[in-house]
Amino acid sequence: MTDRSRRLLLGTPLLAFAALPTAHAQSTELDAAIRAWAAGAVPKDGRVILEIAPLVENGNAVPITVRADSPMTVAEHVREIAVFNEKNPQRDVARFMLTPASGRAQVATRIRLATSQQLVALARFSDGSIGQHRVDVLVTLAACIEG
Amino acid sequence: MRPTLRAAALLLAGGTALAQSAGSDGRRSGFDDMSPALQALQRDDTQNPGQLWVREGEALWSQAPASGRACVACHASATLTGMAARFPRWDDKRQRPLTLAARIDQCRVQHQQAAPQGPDGAQVLALSAYLGARSRGEALRPDGTPALAPWAARGEALWTQRLGQLNLACTHCHDQRAGGKLGGATIPQGHATGYPAYRLEWQELGSLQRRLRNCITGVRADPWPPGADEWLALETYLARRAAGLRIETPAVRP
Amino acid sequence: MAARTLIHVPPNPKRGEVVEIRATLGHPMETGYRPDAEGRLLPRDIVTAFSCSFEGQPVFSAMLHPAIAANPYLAFHWRAERSGTLLLRWEGDRGFVHEERVTVKVA
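Residue numbers (numbering that gives the first Met the number 0), protein chains in the order written: chain A, 0 to 146; chain B, 0 to 253; chain C, 0 to 106.
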């Protein structure tokens, strides 16, 4: 392999070299991952919002914020927020465990996106119910491939 | 519109702080071409990953080294603001331009018995980030010493020279097509106002020389060796080309 | 080399105020999917867990995966009820552990 090819390899956005399964298999995997996490409860659209730019310049560090509507009292709070993805090598992005001491069900972080895909954020409430929000994101990677 | 050097020359001659935004002559920072999310990331010191290096540099500045003197022992804090705005400056002893990173390297070798690191060495990078950040908001006022003129001229020649398998000159993208799109990304004018910068592609902070090396390999040319005169000439030219624009170190860039 | 962090806790919150805590850790978050110059996969080296507790009581915690960007950033909330010390803790591959303590004065 030439020096230039090596540099090209190193410069290629992080996740591009994983062997990616077919799109259909990934959607099924995504649903399976969500089902496993939901552990019997059925996620319903709403009560949680995933904020992310619809068009992302570079998939290496994408800011996201997830917020769920909850008074965060002992009686009524969000227990967990989970984020899943469709087309990265793994479906899991992160899981966040909250407590009433959190005061507000809102979390922000920066994630990696291998390519344009769907992201799903879910919130598990203290009564066992689950809210979800699915967002489609377009990822345009940095144009110059260099080392 | 081709960003002109005429405005830069006027500012150099004037030498005083700008009354007006440099945007009035058509020049703009790459910051303006980024998405709102990335702009917010750069602006917020509690989120900007470059601050990890700035803080490290701040600690190193006062830290007594294993041997020799701490930076702060010689350099009083009051003179730090605006200092980064005057680089590259003329190094009379070595008869060549001197970047801030090279100056830091020299100081560490001479006064702390440290090994030379180059601009992307761990400590030099952190100290460059700290000193750059201390001049944030200051207008770039590169050294006007006449001896630098041939270096700036050589830098401009390199900027306008076709390079690499793609046979492109820097000017083709960053002057003639700035504001246009390259594969979905907006082409910036390429003003080096925020270095060292946190480039998302690197997932870490890096020097201007590193970024320029990326550009050179980007057009499929073989980059010049580290520390080569070509990088120095380009940095000297770029500082004059961006004269009057405000320092934004540590910048965040895609 | 000790891990670097950038932590922001609003100073002097009022009793009962919900504040946002921001924490960045310097860490490459090597995914395990990236090849080196010879084409061999670089081994995974990520932060896998983060937790924040106040005076021994859990406030917030997270399980992180390779999809979290390098120099991981987390922003979460905390209801400040009384003065005391927050403990932030990161754990990861290869036995990585890092802790930071932040003392907060609640008005």
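Honestly, the hints are just simulated from the structure, not real lab data. Just so you know, even glycine gets a beta-carbon here, dropped at the ideal spot from N, CA and C. You may find that some hints are simply not true.
Pair ranges (Cβ atoms, derived) [said to hold, decoys possible]: (1) 15(C) / 54(A): 38 to 44 Å; (2) 99(C) / 227(B): 55 to 61 Å; (3) 37(C) / 219(B): 17 to 23 Å; (4) 43(B) / 100(C): 35 to 41 Å; (5) 181(B) / 134(A): 23 to 29 Å; (6) 99(C) / 221(B): 40 to 46 Å.
A quick look at each hint next to the structure:
1. Range check, residue 15(C) to residue 54(A): Cβ separation about 40 Å, and the 38 to 44 Å hint holds.
2. The hint said 55 to 61 Å for the Cβ distance between residue 99(C) and residue 227(B), and at roughly 42 Å that hint is violated.
3. Hint check: residue 37(C) to residue 219(B), Cβ distance near 21 Å, so the stated range 17 to 23 Å holds.
4. Look at residue 43(B) against residue 100(C): about 24 Å separates their beta carbons, and that is not inside 35 to 41 Å.
5. For residue 181(B) and residue 134(A), the hinted distance range of 23 to 29 Å is satisfied, since their beta carbons lie about 26 Å from each other.
6. The hinted window of 40 to 46 Å between residue 99(C) and residue 221(B) holds, with their beta carbons roughly 44 Å apart.
Taken one by one, the earlier hints fail for this structure at numbers 2, 4, listed in ascending order.
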